[in-house]
Amino acid sequence: MTGPTNEDTTMTTLAIRQLDRITADEAGLAGGKAYNCARLKQAGFPVPDGLVVLSTASDADLAALAAHPWLGALPADAAFAVRSSGIGEDGLEESFAGIHQTLLNVHRRDLRDAIAVCRASGESEQALEYRRVKGLRSDSIEMGVLIQRMINPIAAGVAFTVNPVTGRDDEHVINSSWGLGEALVSGQVDPDEFVVAKADGALRWTRAGEKGNGANASTLSLTPDRVRDLAILLTAVERHYAAPQDIEWCYDGGRFWIVQSRPVTAARARSCETEWTRANVAEVLPDLTSPQVLKAFEDLLDKAERRYLGRLLAPEAELGPMVKSFCGRLHFNLSQIKRVCALAGVSPAAMLQSMGHGDEIGPDDEHAATPGWRDRLACVPDLVRLALQHVRAAHVLREHDDRTKRFLDRMTAPDRRDLPDTEVWSAIEEWLAEAPDFMQVVLMLGNVLFQETPVRKICDKIGFRFERLVYPQLAIGERSVSAQQAFDLVALAQMARRDPRVVQYLRGDTSHISHMRFALRGTAFLAEFERFLAVYGHRGRYEYDWSLPRYNEDPTPLLHALRAHVEAASATDVRATIRRQEQEAAEAWAAFEARLSGLQKWTIGRSVRRSIRTIKQYYVWRERVRSDIARVLSALRGWHLVLAERFVERGWLSGRDDYFLLEFDQIADVVKGRRSANTLRPIVADRRAEQSRYRGLRMPLLMRASMLADLLRMSGVSGGSSGQLTGQPVSGGCVEGEVVVVRDPADFARMKRGAILVAPATDPSWTPLFTLAAGVIVEVGGVLSHASTIAREYGLPALANVKHATRLLRTGERVTLDANRGVVATHGETS
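When you line the sequence shown up against this note's numbering, it's residues 134 to 964, in that order.
Any given hint could turn out to be false.
[To be verified] In silico EDC-like cross-links for lysine to aspartate or glutamate, where the CA-CA straight-line distance does not exceed 16 Å:
hint, residue 1, residue 2
1, K936, D554
2, K538, D570
3, K594, E726
[Said to hold, decoys possible] Label pairs and their computed distance ranges (CB to CB):
hint, residue 1, residue 2, range
4, R388, L237, 15 to 21 Å
5, T503, A369, 38 to 44 Å
6, R779, L237, 50 to 56 Å
7, R713, P633, 30 to 36 Å
8, G641, A879, 18 to 24 Å
9, A958, R525, 46 to 52 Å
It should be emphasised that the hints constitute simulated quantities derived from the structure, not laboratory data.
Please read these numbers as outputs of a predicted model, since none were measured by experiment.
Glycine included, every Cβ here is placed at the ideal spot set by N, Cα and C.
Kindly produce the complete structure, drawing on both the sequences and the hints.
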């Protein structure tokens with residue numbers, strides 16, 4: 134077989150171009166990745182040399198590849214990186230990040246096969262799905278291919294020239310790991326992370342990733358000097374493009390190389406794109422909510438919010454729905470909430486602080502926006518309606534009580550086990566129709582922010598911290614139902630301590646309620662425990678997710694808490710806690726009044742007292758209403774279980790829990806004969822696979838939809854803590870103690886008396902742990918959250934919004950929790 138002719142070589146150099154000779158006219162043939170690398174290389178940036186196989190290259194062109202002069206100048210054993218370069222990728226709108234194929238360490242003899250693989254990746258299942266989601270055509274997919282000399286790095290990674298989580302454009306975020314960067318980009322390793330100031334290259338934050346068990350596992354993959362060198366290069370690349378960049382880089386021990394750069398589309402869209410938060414719901418729904426509950430709440434909460442806020446919300450076509458789910462997690466539309474604040478004359482900063490997004494507050498958030506007069510005029514009727522609701526709040530609560538009682542009477546009266554499927558489902562549909570009305574009072578009480586705003590303004594004016602004044606006042610007086618649950622549990626524990634038979638039982642196997650009722654029959658403790666369940670048994674783990682059992686079904690978390698109290702050296706002194714809270718409240722008020730003149734004490738002082746009483750009442754009412762909704766959902770769960778058990782008995786489902794993977798319309802279609810029951814098992818299988826894919830994702834509390842892919846790539850925080858963590862103070866005080874990390878109610882038994890509870894978030898089912906804790910640290914939550922409310926009422930120092938606390942803190946580690954300054958200082962593990 135003869136070698137390529139001169140004609141072949143000439144043809145090849147036209148369809149296969151050297152990287153540094155690609156022109157702007159050829160961008161549409163080279164693909165985004167190759168063209169971006171060509172631009173950087175031609176501008177003098179360190180980009181590995183290479184060839185670009187244009188999308189027009191034919192089989193004949195590829196056959197002549199081996200004769201290309203660029204390849205002929207390289208050693209015979211040279212290795213190459215072969216990267217797909219899709220036409221239209223790495224642009225302003227679509228990045229195709231991680232979608233198309235990259236092959237590393239390709240030998241010369243395998244180049245044609247590697248090119249074929251890269252070209253075919255444009256029609257892979259994931260590429261076609263990406264195109265479908267983005268609304269791109271898939272009938273004429275073109276692909277360039279970039280061939281580069283293989284760099285053998287000692288470290289590699291990705292970097293953003295704008296912080297993808299906070300949107301800050303004055304810092305780089307660098308992820309780095311040993312060796313090749315592919316494992317990092319694909320999420321197979323936990324990288325080191327560096328946040329670097331652009332202005333001077335100063336390291337603002339460093340975290341060591343868990344990089345496996347290799348020789349370098351415990352060593353940072355970049356030294357501070359190398360981080361600064363890389364930051365200088367990143368800044369230069371960003372300036373070259375005049376836009377934030379997502380950059381893949383590697384370091385060979387002598388210099389840094391840029392192997393890819395694409396625009397950070399999320400940063401460009403930041404100013405106008407809808408923002409989403411899950412701070413409101415992360416404490417009452419599991420991180421990964423059951424599909425049935427997720428879809429039902431997405432629909433009913435959106436209806437409830439639009440019914441409540443009316444024209445204060447922008448049309449869905451303008452700012453999107455009020456509620457939406459992403460990757461199995463429910464999110465609220467923060468852009469819509471900011472619009473409501475603007476129309477109500479409230480600054481976004483106060484709202485963000487209340488929700489637990491204090492670190493997201495920017496200068497523009499400190500002042501209330503001024504909407505157009507047409508918008509304000511259109512919203513006047515709704516503003517008046519909402520104001521009147523607050524004036525008659527006590528009456529609204531009485532109406533809620535009556536509605537709840539009537540509904541529970543209807544739900545508990547019939548023996549649902551004897552009803553046909555259609556009537557069981559009819560009862561559930563009745564709740565669906567009424568649910569948005571049930572939520573109206575919760576939404577009203579959630580607007581306590583508008584009661585707090587005047588007090589905040591007064592505190593700011595006289596130079597006294599709002600939290601220092603208000604939080605101690607909220608801790609005294611009438612208890613919320615959730616706080617009362619905690620106090621009642623302590624009283625139950627004190628009764629248990631006095632009965633050796635009960636103590637012996639609690640120290641043994643407490644796995645089943647029927648066993649306890651048999652073992653402790655006739656004891657005063659059991660009678661009191663049954664009364665406790667009669668009051669609080671409708672509550673439980675993530676109690677708004679009706680797919681999960683209530684205390685009435687599984688009181689194990691309560692029994693674990695009781696055992697911890699019983700095994701403690703001394704009983705909890707509730708009276709001492711109350712006296713301390715009252716003293717702290719009196720001292721805070723005295724310090725506040727000391728800033729007022731005599732006349733101001735009679736004017737401002739009285740006004741602030743009235744406002745604080747209203748705020749306190751709202752918090753108490755809000756917990757009560759949330760408990761009522763949990764009671765309704767507990768009753769509703771009973772109706773769902775009837776259908777779930779029937780579906781299993783008939784062989785339609787494998788287990789009872791499978792029922793909660795089905796959405797309501799799918800169940801209704803089967804019950805009403807519109808769908809074959811044989812279709813349920815495939816649906817369940819798909820949902821289980823979907824849940825499995827979503828389970829490992831670390832979702833941010835605050836995000837924009839276009840940031841999702843980049844945020845997931847940049848996630849991966851774990852490992853031990855060092856130095857200080859910061860968060861939002863939600864209940865004052867300072868305590869030093871041992872940390873117990875509880876990620877899920879299944880870990881409740883790990884909690885110790887006197888320990889500092891560290892959790893992702895809490896709902897009322899976590900209340901028993903508060904009776905054991907000396908302090909509380911949660912990753913999620915604001916001033917309105919369950920953790921904040923109960924911690925204040927129980928007199929516990931507490932911080933919310935402590936990012937990654939459950940991964941950065943370890944059980945057994947000693948910390949100082951300073952909830953006055955918002956700091957957690959770590960000291961190491963206990964002996």
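*Which of the listed hints are broken here?*
1
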